[in-house]
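*Asks:* Sequence:
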Amino acid sequence: MKKPPEPMYLPDVESHESDGHYGRMIAMARSSGFAPPQIWHLFAYKPRMTDALSAFTHEVMRGPSPLSAGLRELIAAYTSRRNACVF
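Using my numbering, you'd call the opening residue of the sequence shown number 369 and step up by one each time.
Simulated from the structure, these hints should not be mistaken for lab results. In this text, a Cβ means the ideal position worked out from N, Cα and C, and glycines have one as well. The reader is advised that the hints may include incorrect statements.
[Unchecked claim] Cβ-Cβ distance ranges computed for the label pairs, FRET-style:
no., residue 1, residue 2, range
1, ALA452, THR425, 31 to 39 angstroms
2, ASP380, PRO434, 18 to 26 angstroms
3, ILE407, TYR446, 16 to 24 angstroms
4, GLY401, ALA444, 24 to 32 angstroms
5, ARG450, THR425, 31 to 39 angstroms
6, PHE402, LEU378, 18 to 26 angstroms
7, PRO434, PRO375, 14 to 22 angstroms
8, GLY401, TYR377, 22 to 30 angstroms
9, MET417, TYR377, 16 to 24 angstroms
10, ILE443, PRO379, 18 to 26 angstroms
11, PRO434, SER400, 20 to 28 angstroms
12, GLN406, ALA437, 34 to 42 angstroms
13, ASP380, ALA437, 30 to 38 angstroms
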C-alpha cells in the first residue's frame with residue numbers, strides 16, 4: 369500500500385477550498401481515494417498567479433518540439449528523481 373504524502377509546510381494552501389479548475393481536480397482525486405499532487409494545491413490557491421505557470425508548463429511539455437512528449441516526460445521524471453522530488 370502506498371503511503372500518503374507528507375503534509376505541506378503551507379497548511380493554509382493545502383486546506384484552501386477552490387471552485388476553480390485545480391480545486392475541482394483536487395476534489396475529484398480525493399473522492400476517488402487518491403492524494404492529489406501537492407502542486408495542484410498551489411495552483412488552486414492563487415489561480416490568477418499560477419495560470420501562466422500552468423500554461424507555460426503545458427507548452428513546454430506538450431507544445432511543438434524536436435523532442436517527443438514521451439522523451440520530455442522522461443527527462444522531467446529523471447530530473448525530479450535526481451532532485452529527490454516525488455514525480
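*Asks:* Hint by hint, say whether it matches the structure.
*Replies:* Verification of the hints:
1. ALA452 with THR425: 31 to 39 angstroms: Roughly 20 angstroms apart at Cβ, these two residues miss the hinted range, so it is violated.
2. ASP380 with PRO434: 18 to 26 angstroms: Between ASP380 and PRO434, where Cβ atoms are some 42 angstroms apart, the hint is violated.
3. ILE407 with TYR446: 16 to 24 angstroms: Since the Cβ atoms of ILE407 and TYR446 sit about 18 angstroms apart, the hinted range of 16 to 24 angstroms holds.
4. GLY401 with ALA444: 24 to 32 angstroms: holds (26 angstroms)
5. ARG450 with THR425: 31 to 39 angstroms: violated (19 angstroms)
6. PHE402 with LEU378: 18 to 26 angstroms: holds (20 angstroms)
7. PRO434 with PRO375: 14 to 22 angstroms: With a Cβ separation near 40 angstroms, PRO434 and PRO375 fall outside 14 to 22 angstroms, so the hint is violated.
8. GLY401 with TYR377: 22 to 30 angstroms: holds (24 angstroms)
9. MET417 with TYR377: 16 to 24 angstroms: holds (19 angstroms)
10. ILE443 with PRO379: 18 to 26 angstroms: violated (32 angstroms)
11. PRO434 with SER400: 20 to 28 angstroms: violated (36 angstroms)
12. GLN406 with ALA437: 34 to 42 angstroms: violated (23 angstroms)
13. ASP380 with ALA437: 30 to 38 angstroms: holds (34 angstroms)
Checked against the numbered hints given earlier, the structure breaks hints 1, 2, 5, 7, 10, 11 and 12 and satisfies all the rest.
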